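J.: Sequence order for the protein chains is X and B.
Residue numbers are given in the working numbering: position 32 of the first sequence equals residue 66, and the series is strictly consecutive.
Residue numbers are given in the working numbering: position 259 of the second sequence equals residue 297, and the series is strictly consecutive.
Simulated from the structure, these hints should not be mistaken for lab results.
Treat the hints with caution; some may be incorrect.
[To be verified] With a cut-off of at most 25 Å between alpha-carbon atoms, the simulated DSS-like pairs for lysine-lysine come out as follows:
1. B:LYS415 to B:LYS372
2. B:LYS322 to X:LYS41
3. X:LYS39 to B:LYS322
4. B:LYS415 to X:LYS53
5. B:LYS424 to B:LYS402
6. X:LYS41 to B:LYS574
[As the list claims (entries may be wrong)] Selected chain B positions facing chain X (Cβ under 10 Å, derived; list incomplete):
7. SER109
8. ALA218
9. ARG325
10. LEU332
11. ALA525
12. ARG652
Only a predicted model underlies this, so the values are computations on that prediction, with no experimental measurement involved.
Using N, Cα and C, we set each Cβ at its ideal position, and we do this for glycine too.
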Amino acid sequence: MTEEKAKAYWRENISTILKLLSVWFIVSYGAGILFINQLNTIEISGVKLGFWFAQQGAIYVFVILIFVYVRMMNKLDEKYDVHE
Amino acid sequence: MDLQTLIYLFVGLSFALYIGIAIWAKAASTKDFYVAGGGVHPIANGMATAADWMSAASFISLAGLISYKGSDGGAYLMGWTGGYVLLALLLAPYLRKFGKFTVPDFIGDRYYSNVARTVAVVATIFVSFTYVAGQMRGVGIVFSRFLQVDVNTGVYIGMGIVFIYAVLGGMKGITYTQVAQYTVMIIAYLIPAIFLSLMVTDTFLPQLGIFATTTFDFNDGVKVIPQGTYLMHALDQSLADLGFKEYTQPGNLWNMFMLTVALMVGTAGLPHVIVRFFTVPRVKDARISAGYALLFIALLYTTVASVAAFSRVNTIDRIQNVEYKQWVTEGVKKSDGRENHGSWFRTWEKGSLLAWNDRNGDGKIQYAAGKAFDNAKGKPAFDGDKVAPDGHRLTTNALPAKGAKPFDNEVYIDRDIIVLANPEIANLPNWVIALIAAGGLAAALSTAAGLLLVISASISHDLLGKVIFNDPATGKSKLSEKSELMAARLAAVAAIIVAGYLGIHPPGFVAQVVAFAFGLAAASFFPAIILGIFDKRMNKAGAIAGISTGLIFTFGYIIYFVFMGGDKADYLWGIAPTGIGTLGMVLHFIVAYIVSRMTEPPPQHIQDLVESIRVPRGAGEAQAH
């Protein structure tokens, strides 16, 4: 692999990670902590939304994020022909 | 069959299974011993990681903790799951490509320094022992409750079981045993949760149960909350009636933030979790394996919030205003005809984890906010085995001040018993209770085994093989494969003995030292590994300065405020010691960056190493040398 290509691969890798980590931050620290009081004004069947994110919702998103990451990285590895 | 026979049967069968697997998967080489031969399927590895990660604390204590903390408990739920996202995206694939056996391996090689390697070994051993002491204690408690033996005997039995499969089987034995343990653990957690959910809300899935309505008129002792009220409304209402903070009311958000970061980053930095990703064949597998691990963990963790809420409602519903003597001997009927038997209350009273103080002398139990016993933490001091005429255990505590609203609290409940006692509180069938016993043991044993393995690998592989018996001419260990395997087994034996000792003579602060494990992992391993991968310019001087700063700062802060009685008012920016690892991590990053930019860049072969771990192809198998 040329140096150019290695750099491009790494750049795309980093941007994938940053995109996914921003979602990770928003659902946990955002919805579950920083904006919990604002979201708690919304209620679904008696459950306050901010409370739900902190105790259940964020966990679902975490699981989905990792599987999305795996898909994106597998595609990226093939695109740059560095897959195993 | 009676309860005791069922417990022996369930626990006995599960143990026979673990030992059978351990014999089948006996380790033949150091590679089998350290990384299970590097050929574990990602799904199996995910299950093993989940079992390794979810300890007696997750299984036994977490729901109780959330039940007591309410909204703020979210820090633990997010913290102990969100770390896997960091692990999957930032650590696992690169460490797998690096392809060695342990975390000190990475630190020592990447920073071309045996000083860094030795610091990493010491931190690994410290963090792992902190953890394992709690696990052995957990094993002892579960044994003593369910097999009716002394706590210490329970610890000895646990040591024996772990000895068989950790010492013989190494990582290979442990990994496949953990797959079985995960299965036992998750079934044991979900079945009672489903029963509770059906009972309290008539909803099958506990995750959805918190969105449902109550199935009974809930008399909290102040007023009756009618059947059909949303569960969370009923819970908030009853706690407000009894003088507690509402369940869904958030507390100090700044501390919740810092604690969540420390737990997440600490999770991603714990050596016994990281080492898991060395056991799969390819980089691709390391990524997906983290996904499976979190999926299996989430199955339990998304149930916790519900179990916590159900049990709070259930406990209040069962104990409020019952007449003690009648309740614990024959049982009483609720006004709507539901059975309510208090024999569990007496069982746990015998174990000193529950206590009743009949302050108003009416012979009935009252539960509300406030202390039931005059003690700094409201804990009872039992007066030997003395009991009152109605049979409840007497204490030597003075009476606390009267006049609390709505009435004085008379009950002390140790929150660790919530999960273990709830099936009994809810009068669930005996086999469900027996299942919980097997599940609690699976949780404690699987984590203890994983930790002991990390300790033994650090000693035999990193300390003996790479530092003490290192041949400077070749850079390889002077120990033969066979003697290193023997050393690893001996180290595991020694680790089990020390862990057993700590389980029998717990340093009175097992709960507080957990903050240590996470704080130190967050402030030391996590930043050092991240910088090693993502910052090619990071060098030996920067890493050593960063690790030392992170460790000393975090260590010092916790020692000062937890063990030397530092005043809360002096907290730096109001950060509690449990969350200080976050600041330690930030300091580590800053110091490492500045020092590395002021010193020589790392040698060319290290820069090439970093280039190579960034690309998946050519991972090959985990290499010893």
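J.: All hints are to be evaluated individually against the structure, with a verdict given for each.
T.: Checked hints:
no.	hint	verdict
1	B:LYS415 to B:LYS372	violated, 32 Å
2	B:LYS322 to X:LYS41	holds, 20 Å
3	X:LYS39 to B:LYS322	holds, 20 Å
4	B:LYS415 to X:LYS53	violated, 45 Å
5	B:LYS424 to B:LYS402	holds, 19 Å
6	X:LYS41 to B:LYS574	holds, 13 Å
7	SER109	holds, 6 Å
8	ALA218	violated, 23 Å
9	ARG325	holds, 5 Å
10	LEU332	holds, 5 Å
11	ALA525	violated, 33 Å
12	ARG652	holds, 6 Å
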